[in-house]
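Number of protein chains: 2
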Amino acid sequence: MIYSSPSLIRYSAQAFHCMAIAGFLSIASPSSAQTLFGFDAYASAQQRQMETEFDALIDRDEMNAWLRDFSSEAHHVGSPKSKENAEAIADLLRSWNYDVEIAEYEVLFPEPLTRELELVAPNRFTASLVEDPVESDASTSNTDNLLAPYNAFSIDGEVEAELVFVNYGTPADYELLERYGVSVAGKIAISKYGGSWRGIKPKLAGEMGAVGTLIYSDPADDGYGPGDVYPDGPYKNDSGVQRGSVMDMPTYPGDVLTPGVGATGDVNRLRREDAPTITQIPVLPISYRDALPLLEAMGGEVVPEAWRGGLPITYHLGPGPARVRLKLEFDWKMVTAYNVIARMEGTEFPDQWVIRGNHHDGWNHGAADPLSGIVAMLAEAKAVSRLAQSGYPPARTIVYAAWDAEEPGLIGSTEWAEHHAEELQEHAVAYLNTDGNGRGFVNVGGSHVLERFFNEVMEDVEDPQTGVSVQERRRANLRINGSSEKIRNEAKNRSDLRISPLGSGSDYTPFLQHLGIASANMGFGGHSGGGSYHTMYDTYEHYLRWIDPGLVYGQALAQFAGRATLRLANAPRLPFDFQGFTDNVAGYLEEIEALADDMRDKTATDNQDIREGVYGIILDPTKSFGPPLPKPEVPHFNFAPLKNALARLTDAADAYESLALSGAPASARHNYLLYTSERELIREEGLTGRPWYKHHIYAPGFYTGYGVKTIPGVREAIEQRQFDQVAGQIEIAAQVLTSLAFRLDELVEH
Amino acid sequence: MIYSSPSLIRYSAQAFHCMAIAGFLSIASPSSAQTLFGFDAYASAQQRQMETEFDALIDRDEMNAWLRDFSSEAHHVGSPKSKENAEAIADLLRSWNYDVEIAEYEVLFPEPLTRELELVAPNRFTASLVEDPVESDASTSNTDNLLAPYNAFSIDGEVEAELVFVNYGTPADYELLERYGVSVAGKIAISKYGGSWRGIKPKLAGEMGAVGTLIYSDPADDGYGPGDVYPDGPYKNDSGVQRGSVMDMPTYPGDVLTPGVGATGDVNRLRREDAPTITQIPVLPISYRDALPLLEAMGGEVVPEAWRGGLPITYHLGPGPARVRLKLEFDWKMVTAYNVIARMEGTEFPDQWVIRGNHHDGWNHGAADPLSGIVAMLAEAKAVSRLAQSGYPPARTIVYAAWDAEEPGLIGSTEWAEHHAEELQEHAVAYLNTDGNGRGFVNVGGSHVLERFFNEVMEDVEDPQTGVSVQERRRANLRINGSSEKIRNEAKNRSDLRISPLGSGSDYTPFLQHLGIASANMGFGGHSGGGSYHTMYDTYEHYLRWIDPGLVYGQALAQFAGRATLRLANAPRLPFDFQGFTDNVAGYLEEIEALADDMRDKTATDNQDIREGVYGIILDPTKSFGPPLPKPEVPHFNFAPLKNALARLTDAADAYESLALSGAPASARHNYLLYTSERELIREEGLTGRPWYKHHIYAPGFYTGYGVKTIPGVREAIEQRQFDQVAGQIEIAAQVLTSLAFRLDELVEH
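Line by line, the protein sequences give chains A and B.
Here the first sequence stands for residues 1 to 750, where the numbers follow my numbering.
Here the second sequence stands for residues 1001 to 1750, where the numbers follow my numbering.
Each hint should be verified, as a subset may be incorrect.
Cut-off 30 Å, straight-line C-alpha distance, at most; resulting in silico cross-link-like pairs (DSSO-like, lysine-lysine) [as the list claims (entries may be wrong)]:
hint, chain 1, residue 1, chain 2, residue 2
1, A, K492, B, K1694
2, B, K1643, B, K1694
3, B, K1486, A, K602
Sample of chain B residues lacking proximity to chain A, with all beta carbon distances greater than 10 Å (derived) [said to hold, decoys possible]:
hint, residue
4, F1039
5, V1130
6, P1133
7, R1179
8, M1208
9, R1272
10, V1302
11, N1477
12, I1480
13, E1593
14, A1604
15, G1616
16, P1632
17, Q1722
18, D1745
FYI, nobody ran anything at the bench for these hints, they're computed from the structure.
The beta-carbon is built from N, C-alpha and C at its ideal position, and this holds for glycine as well.
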């Protein structure tokens, strides 16, 4: 393959030093040139000067060429194009002087063989299950190796049953459905996409006794409601279907046959029928065009107002009379996942690794997801190598990773992380992830020890549309559109913007939640609306026209993630900040206390209303909607251990802050103690019921999937009303915070 | 006409007294038999016993027969059937020994001659503007004298212009539209029904420079969204059109040519072209079937999320390219409105009149609106006459009124009230209104001096579906579904349920807001959803099938309104309560202070955000949506005069309460001072800019139409940002409260 030839920029070491000093002198006063946390003034100025050079090395034309090439064909794991892309990426990285290996794993990957869906009563209709090509988008006519719309890790099966409409298929939806006297037992649940991660829908439906699940994209959420549909606009047209994995990732992600270990050729594997993360019932995603005749044929009560969608019909709960037959068969293949791993050894701390990753596999042409992210990462990797060639190699080792098989369940990254768990826990300073990129506001999620660090990065990257820093633009958005008064006020008054806690949904999960490596996920979005996600319309044409014309946000992402990578690689003292961490954890604890209080009040009120017959009086006797069932009252919990631990940690964090700001030099050992501090937040036993997840501050929700649960042991015990487990979980959470406090003491003392 | 013969029930006076005493003895303890406010224990027991007899006289079969007959044909003002119904009602009332007159007024009433609507670009479509008959509903095939869908008091005109989508066409909608850079000047505004009273839509569009307005019922609000459409369900099908008046009722209701005076034959009339309450631009209501091709042809920006409707399209703001031609011509007829006025003279206080009304004209067959209310009123009137015949005539005079021409603008009632203003202000104790009735929860709006009174009525009427009192059922509903925590808590803990303040929308307006007569409006609803309102589908068939099968709520309404009428007619001391009034007014004052505070904070925040360029930073530069304009800062207002007046009134109310509970007898003069106390709340000058509205506690909103504004002078000056008028309005409101306090002093002293 031929890429547009990059213009080579060379600097002499001397010229660079001169520029750096000049830069330092001239930028001493503006706030954007404050000394970087973890750097002394000189090193900070030098770093910033290098970053200016770095910015200039990011080449949008080259990114564009890579994007066009990589997205020319479907490239899911196991496809020829996926291997081809991995090799092309490896070649590029090699050409930039990285040490590159392709780490291969043998993993289970089901491909659809049979997909049949028909309405058999009260009238007949056979779903096409096909996405229509679009004339103005040539990519949509190249369907070589494109997998038909399906949900990976649905079990095989053929079922015929009446439909029940379950809204988004969340626990709250089933609770409401129960009040209507409608059960999915023995039925096929039809659910809208949204409201929770897709894998939760068949999981819960299965737990409730359904025999199958259909998931469709309702046009009110993801279609003509939000905007014009493709190709007139970026939104989902009536044939578009969101593919996606439904493996039970909240139990464990990665290869379903090899939990906890790398799926190398010789490892012991579960039998497929024993793999707990494959669904219990068959599940198929469909378009709103295919959903309409099914929903239109349903009877029963009219859905509650909040459940209505955007199709021109009255939505009903069922069950039936609509009855469908669903038949699914998969080719349960063993395929090879190709992770590209490229290293550039650090000159000062080669044993300390900054890992930077983005997956390369897509469900389809995958221009937005994931290639818009990977081309930014490649531009970044190339610029890093150019700087190194110019005499500025990183102080720490930088590892660039292009993961395969993210889409079916974070498989490539998880297998690699499991395979190399021990060395990663020893050497990994942090894991920095990107995935598909969009247009608008910067989004950063991650470990809160990095919150201050990322605010410095946000301050120094310019938004391509407005010219202000991406931090200022994000701050402005939170000031106006923040979802609560607290958020709006903090955006105005708190010096740092909060970064989001991470749940799941991309490749940071094995690093953060399995290994306890401080991690982050970065990207832009908010103005790039559309419905191409996981459809055949996620093409180069769609992306360049609607998502990021000119790849200006791709450039900004490379500048952003590159800065983060380079600063972590070069900081004399690693910029971990524990005051930001404790401040956020204190907020989570407040949330959990409020959650318990609200739940207690609401339960007491509801139970009283039920007991006094208030519900019975108000309900419409001509409808089936009945009163709720009484629930166990919510006891008061002893949060004191957690509060004491947090107070202890706050003191330790303050002490560390004094040290960090004192200018004291940090030894390799000191930095080691710093970056491994995140390991104190994991426990070998993992979370109750899902030992793969070991982090006790951040986890994906067991019943939300991607959505984060902070202090998950405590929070989920309360949410799931397992009140007898709360005290134990509080103790555990207190222990991990206390462990971290001891680590900080150690840092301060040594 | 022949009605099913009512079974006559006769009591001897003696038997009644015995029963009453027995009843009194046996019901001394239960709370539902507490002594009625305004009665002594003996009179209270006698009253309750009479009410039991009264209940038994309500005959649902007879109501059903009247409903079928009156709704057999369209009966708008000026139609043969309207006159026929008026005469039938008069005959019935005469047959029950009422003194009956038909009070005639000559009023302007436009009927549609030409209605043309076509899309002329970018494609062509001619709107049918027709409602389809429904096979299973014979009434829908009887279209004799049925007026085609139109908005009464739209001006004539022919316009052709591009469309602009204005959501509900409220002031807030236009403010948002301005941020998109979209103006209706020179355009035709297309608005959804809802969000404000329909007359506000052409009023505001005209103020903004539009040349025409279309109003359609969006299926998300009023169609297949909320439920199955007629005839499969009660909701609006795709051809249904809501008719209705668009005269500027917030300026004055009633005949547009005779503001302030009764439209008798010889009165001076405005020229039509000078009538300020006729719209400035032509306006036509259409179905969602006719709206779809127009909306589908629109371009421009996609509407904001909250503006989306339920049609299967992406909604756009325009302007254009959809361009429509609208032509409207009306036959501006002078027609006769026939108000039926029936009196039964009181035996003790003949000069004190309890007035009870419901309109009889409908836009169409009008089974729900208004006949479901009028048949309940007739059943009540008949039962009242039977009780009188049995020796229990009312102590005060009862006046039953069946109004004509309510639909085009409260015309019949307004002309009568204006015509008889002086004697009404002298004699009217209260005006009790009903209109269409539904199924579910009792709704009472009215003067808060009657709040305690209506709570007693609510306690004593049984809900037909659940057997509990209608108060208990309403209380239960507010406990669960109350829209704020304050409302939910009050429902649980406050002894009286609050009644709603009255805006406008039915015939109480001239009595309450023009003459200062304590008024109320009563009905049931909440479970009778549907979309027949003002369409050709408001038929007997629809009503009996979907709204109130068996007329059980019609019976409950007769029991409820009859009790209210009889108690006001018989109470030795009129049951006016000023503590409830002051409590509610104190709440309104709190609301207004919070409104000013919130507006001040929001304005300051917005202005700061605008000044600091925060909006400029966050907006998507590829869209036209721009920052808001800065607004004048909101000053602090001196609410002290109003608070002092309220404190003064509270003391006076407490003193009156002691008197009322002391058992002191009330003379005719004392009762006169009591019921004319509501007149202290009006001022001859009326509200600023709309002198017809004289009440200073309750008014319909100038820009909401039906929606109430309490303490309207103060509230609207703040809402409309006329800050220099606030102090003056506070003084005026303080004066009316102080006047009422003086009246209470007088009551206590004499």
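Hints, one by one, checked against the model:
1. A C-alpha spacing of about 46 Å is found between A:K492 and B:K1694, which places the hinted pair above 30 Å, so the restraint is violated.
2. Restraint check for B:K1643 and B:K1694: the C-alpha separation of about 21 Å stays at or below 30 Å, so the hint holds.
3. Pair hint B:K1486 plus A:K602 holds up; C-alpha atoms about 15 Å apart against a cutoff of 30 Å.
4. Against the 10 Å criterion, B:F1039 stays outside the reach of chain A, whose nearest CB is about 29 Å from its own CB.
5. Every C-beta of chain A lies more than 10 Å from that of B:V1130, the closest at about 20 Å, which supports listing it as non-interface.
6. For B:P1133, the condition that its CB be more than 10 Å from all CB atoms of chain A holds, with the nearest at approximately 21 Å.
7. The Cβ of B:R1179 sits about 12 Å from the closest Cβ of chain A, beyond the 10 Å cut-off, so the non-interface label holds.
8. For B:M1208, the requirement that its beta carbon stay farther than 10 Å from each beta carbon of chain A is met, with the minimum near 26 Å.
9. Its beta-carbon lying about 42 Å from the closest one in chain A, B:R1272 satisfies the requirement of being farther than 10 Å from that chain.
10. Consistency note on B:V1302: stated as away from chain A, yet its beta-carbon is not over 10 Å from all of that chain's, at 5 Å minimum.
11. For B:N1477, the non-interface assignment is contradicted: its Cβ lies about 5 Å from the closest Cβ of chain A, within the 10 Å cut-off.
12. At roughly 6 Å from the closest C-beta of chain A, the C-beta of B:I1480 falls inside 10 Å, breaking its exclusion from the interface.
13. Consistency note on B:E1593: stated as away from chain A, and its beta-carbon is indeed over 10 Å from all of that chain's, at 19 Å minimum.
14. Even its closest Cβ contact with chain A, about 12 Å, leaves B:A1604 beyond 10 Å, as expected for a residue assigned away from the interface.
15. Residue placement check: B:G1616 does not keep its beta carbon more than 10 Å from all beta carbons of chain A (closest about 8 Å).
16. Chain A leaves B:P1632 outside its interface by the beta-carbon criterion, the shortest separation being 20 Å against a cut-off of 10 Å.
17. Here B:Q1722 stays apart from chain A, with its beta-carbon at least about 27 Å from theirs, past the 10 Å limit.
18. In this structure B:D1745 is separated from chain A by more than 10 Å, as the shortest Cβ-Cβ distance comes to about 42 Å.
Violated hints, listed in ascending order, are 1, 10, 11, 12 and 15; each of the other numbered hints is respected by the structure.
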